[in-house]
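Undergrad: According to our numbering, the sequence shown is numbered sequentially starting from 93.
Treat the hints with caution; some may be incorrect.
Cross-link-like lysine-lysine pairs, in silico, BS3-like; alpha carbons within 27 Å at most [unchecked claim]:
hint, residue 1, residue 2
1, 736, 747
2, 756, 736
3, 418, 399
Please keep in mind that the hints were generated in silico from the structure rather than gathered at the bench.
Please read all numbers here as calculations on a predicted model, not as lab measurements.
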Amino acid sequence: MPKYVYDFTEGNKDLKDLLGGKGANLAEMTNLGLPVPPGFTITTEACRSFLAGGALPDGLEEEIALHLTALEKRMGRRLGQADDPLLVSVRSGAKFSMPGMMETVLNIGLNDESVRGLAKQAGGNERFAWDSYRRLIQMFGRTVQGIDGELFDGALERLKAGRSDLDLQAEDFQRLVETYKEIVRAETGEDFPADPYRQMRMAVEAVFASWNAPRAVLYRRQERIPADLGTAVNVCSMVFGNCGMDSGTGVAFTRDPGSGQQGVYGDYLQNAQGEDVVAGIRNTMPLQELEAIDRDSYDELMRIMEKLENHYRDLCDIEFTVERGKLWMLQTRVGKRTAAAAFRIAVQLVDQGLIDLDEAVTRVTGDQLAQLMFPRFDGGADRKRIARGMNASPGAAVGKAVFSSERAVELAAAGEAVILVRRETNPDDLSGMIAAQGVLTSRGGKTSHAAVVARGMGKTCVCGAEELEVSAAERRFTAPGGVVVAEGDVISIDGSSGEVFLGEVPVVASPVVEYFEGAPVGDDELVAAVHRIMSHADSARRLAVRANADNAEDAARARRFGAQGIGLCRTEHMFLGDRRQLVEDLVLADGDGERERALAALEPLQRADFAEIFRAMDGLPVTVRLLDPPLHEFLPDYTELSVKVALAGDRASGKDRRLLAAVKRLHEQNPMLGLRGVRLGLVVPGLFAMQVRAIAEAARAVPGARAEIMIPLVGAVQELECVREEAAGILAEAGVEAAVGTMIEVPRAALTAGQIAEAAEFFSFGTNDLTQMTWGFSRDDVEAAFFSRYLDLGVFGVSPFETLDRGGVGRLVRIAAEEGRRARPGLKLGICGEHGGDPDSIHFCHEAGLDYVSCSPFRVPVARLEAGRAALACAGSDTR
Numbered sequence: 093m094p095k096y097v098y099d100f101t102e103g104n105k106d107l108k109d110l111l112g113g114k115g116a117n118l119a120e121m122t123n124l125g126l127p128v129p130p131g132f133t134i135t136t137e138a139c140r141s142f143l144a145g146g147a148l149p150d151g152l153e154e155e156i157a158l159h160l161t162a163l164e165k166r167m168g169r170r171l172g173q174a175d176d177p178l179l180v181s182v183r184s185g186a187k188f189s190m191p192g193m194m195e196t197v198l199n200i201g202l203n204d205e206s207v208r209g210l211a212k213q214a215g216g217n218e219r220f221a222w223d224s225y226r227r228l229i230q231m232f233g234r235t236v237q238g239i240d241g242e243l244f245d246g247a248l249e250r251l252k253a254g255r256s257d258l259d260l261q262a263e264d265f266q267r268l269v270e271t272y273k274e275i276v277r278a279e280t281g282e283d284f285p286a287d288p289y290r291q292m293r294m295a296v297e298a299v300f301a302s303w304n305a306p307r308a309v310l311y312r313r314q315e316r317i318p319a320d321l322g323t324a325v326n327v328c329s330m331v332f333g334n335c336g337m338d339s340g341t342g343v344a345f346t347r348d349p350g351s352g353q354q355g356v357y358g359d360y361l362q363n364a365q366g367e368d369v370v371a372g373i374r375n376t377m378p379l380q381e382l383e384a385i386d387r388d389s390y391d392e393l394m395r396i397m398e399k400l401e402n403h404y405r406d407l408c409d410i411e412f413t414v415e416r417g418k419l420w421m422l423q424t425r426v427g428k429r430t431a432a433a434a435f436r437i438a439v440q441l442v443d444q445g446l447i448d449l450d451e452a453v454t455r456v457t458g459d460q461l462a463q464l465m466f467p468r469f470d471g472g473a474d475r476k477r478i479a480r481g482m483n484a485s486p487g488a489a490v491g492k493a494v495f496s497s498e499r500a501v502e503l504a505a506a507g508e509a510v511i512l513v514r515r516e517t518n519p520d521d522l523s524g525m526i527a528a529q530g531v532l533t534s535r536g537g538k539t540s541h542a543a544v545v546a547r548g549m550g551k552t553c554v555c556g557a558e559e560l561e562v563s564a565a566e567r568r569f570t571a572p573g574g575v576v577v578a579e580g581d582v583i584s585i586d587g588s589s590g591e592v593f594l595g596e597v598p599v600v601a602s603p604v605v606e607y608f609e610g611a612p613v614g615d616d617e618l619v620a621a622v623h624r625i626m627s628h629a630d631s632a633r634r635l636a637v638r639a640n641a642d643n644a645e646d647a648a649r650a651r652r653f654g655a656q657g658i659g660l661c662r663t664e665h666m667f668l669g670d671r672r673q674l675v676e677d678l679v680l681a682d683g684d685g686e687r688e689r690a691l692a693a694l695e696p697l698q699r700a701d702f703a704e705i706f707r708a709m710d711g712l713p714v715t716v717r718l719l720d721p722p723l724h725e726f727l728p729d730y731t732e733l734s735v736k737v738a739l740a741g742d743r744a745s746g747k748d749r750r751l752l753a754a755v756k757r758l759h760e761q762n763p764m765l766g767l768r769g770v771r772l773g774l775v776v777p778g779l780f781a782m783q784v785r786a787i788a789e790a791a792r793a794v795p796g797a798r799a800e801i802m803i804p805l806v807g808a809v810q811e812l813e814c815v816r817e818e819a820a821g822i823l824a825e826a827g828v829e830a831a832v833g834t835m836i837e838v839p840r841a842a843l844t845a846g847q848i849a850e851a852a853e854f855f856s857f858g859t860n861d862l863t864q865m866t867w868g869f870s871r872d873d874v875e876a877a878f879f880s881r882y883l884d885l886g887v888f889g890v891s892p893f894e895t896l897d898r899g900g901v902g903r904l905v906r907i908a909a910e911e912g913r914r915a916r917p918g919l920k921l922g923i924c925g926e927h928g929g930d931p932d933s934i935h936f937c938h939e940a941g942l943d944y945v946s947c948s949p950f951r952v953p954v955a956r957l958e959a960g961r962a963a964l965a966c967a968g969s970d971t972r
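Let the sequences and hints guide you as you build the complete structure.
TA: And the structure:
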């Protein structure tokens, strides 16, 4: 039988898979001799068993009882003992941090008898005891019993009637306990459970079940956290920050999670429990003020923070409680940070000798780099500042003010940019935070729920803008000077300065983009950090990075961004817009004469386009894909043309009638699987020959040009052989050398890659079409139809169009790569679908032995960084 429960003295920080992040780190701090309240962790394995079977696994309750008995013996008190109670917290803790997404219950063990024993423990402090009891009922009722939290919040607000929670007295909380118990009785049909052991069992089951709560599922999907990990449960003896003004609770960071700067960062709240800080129900004081309130606790905390950062060699996020002058550590983890902070901290740690540059590259991600490339507000533009809060998560966000998550989701789905405005957010606001461009709250600090979640998602956030009076019911907020912003009014928020502006503020390019465009590094600390990280990533990576570009402007930008060539130049994109008629004339040509005239009109345009791109790339390779137009993109709509001709009747022109007949003849039920790619080149004589000739002549005219010719949609080697033979003759006649290869985008091509490689000098995996054909669905039709449901059900962990499906599409890529190179050892392999710019897919491409990835110009820096990270990750696993 597996071991399901581990004492804090038994684990360590490397057991996150089993103990979750919180449990593993509590064990690590215990091992370091830090002041951690005693407790134990129930494993993720127990959670997975519970979720699979709907009940606690056999033997778990007995293990919990043994560890609880040991804890009671160590503490000298029994759980819920009437005259001297031991109380515990029951907290979630998954492998990956999911702030606020799962459940926590504090003060387990309180009832009508033990509450008086708790007051006695606290030297007769009945206010503290009854406050703790009402918190238990409130958290237990919402979390375990599924009662609407608004019922409890409303009762508390009515009791306060304009007072602060600090103004409430013992008798107030005693009355509130009775009110809360009445709410429980009315909503559940039974009394609040007084048995402390039943309380703990129900809380454990609720924490396990919260792994699949809607907000947790949504957060996992957003952060790409696997759905099958489960959460651990941490049972910890309670320490209390709400014992009086000599007590409190706080959150601290060893460095600023917003900027990365070293110093003292965090929030502290006197006479409060932990949830008060993250919920933002009272605005906190800066952590530095603890020094004046309790110098001993402050000094000890500073020593512990330094010890933890040096031990973890990273920014640490710490939760702590001061109980009547005694400091207790409740949690530590490697802290979430903004993208800018991630790059700065990585370089700082290198300079401090804590990590090397290899590890620094692995500490940042391509997604974070992409966030740094977003625009920022124009400092010289006219703007009206109406408030200022805390700069919780940087960025420049503009949108319509909305006051509920539901409205944010609704407007965002309609294409509107929105800013979610709340007094404070809670975990149920996650969907609105995802939908919004940014988040603005009037309460809370840099460690509030809004701030922590926004930073993790890379969302702009301004918190604690106290000048704003937010009324969610009236859907508006009031700013100083009588400024009223109603739902739908546009506001701008600056997550770097904490400023809030009325109306739309113009944005300018990011300095990181300017650096990639060729601006000097200068003395900008962030740009300097990006430069060091990128330089080392480039030196470490094996994968080359190319760009998908169809014109000289995109090609030039891609080259400035570090592209080492063009991996996909789509020729059909050159004939959209004003040139579309030329392709239409070719497809509808009647007889050799009309077709040759159409080709003659296309060839000089093609030659000029290719020459511009070759010049822009200045000797770097350019892979040109021959024409691959799904016919429906270039022909008039059959239904619209039919109606036009029918309405005109006898007055319909001969051209329209001829056009209708041709469109009817060529009409396809599924154009994406119809006459396109190599099929069109074989059916329309001279089409591919014209393009190859244009490529050859352009390459001959541009010194140093390196052309590669790619045949699309090949499914059989015979198709490729036909085109290659014709292309070879044209290239020889022009005296130009150019590799001829194919796109692997049809499953049959992947499965017969050994044969195809005998006629191809390179493969480029077109994973957009390969994904559609492997899964058997059309992206345009299915994403809106059922993808959200599939994500909810766990059929997809992430959309297969966003990240490469390793088990299906990825397996085809591996088969094609291995069989292709077996037939032609020097075969060059690349990828040019949208996955070429996706971080996880780039790691797959490295592992699969591809030579390069190709992506949109803006994603080139992301791909360079991820290619370096992939190489270092593989090297690290090899050494282990």
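Undergrad: Hints first: check each against the structure and report whether it holds.
TA: Against the structure, the hints:
no.	hint	verdict
1	736 / 747	holds (12 Å)
2	756 / 736	holds (14 Å)
3	418 / 399	holds (19 Å)
In terms of the numbered hints stated before, the structure departs from none.
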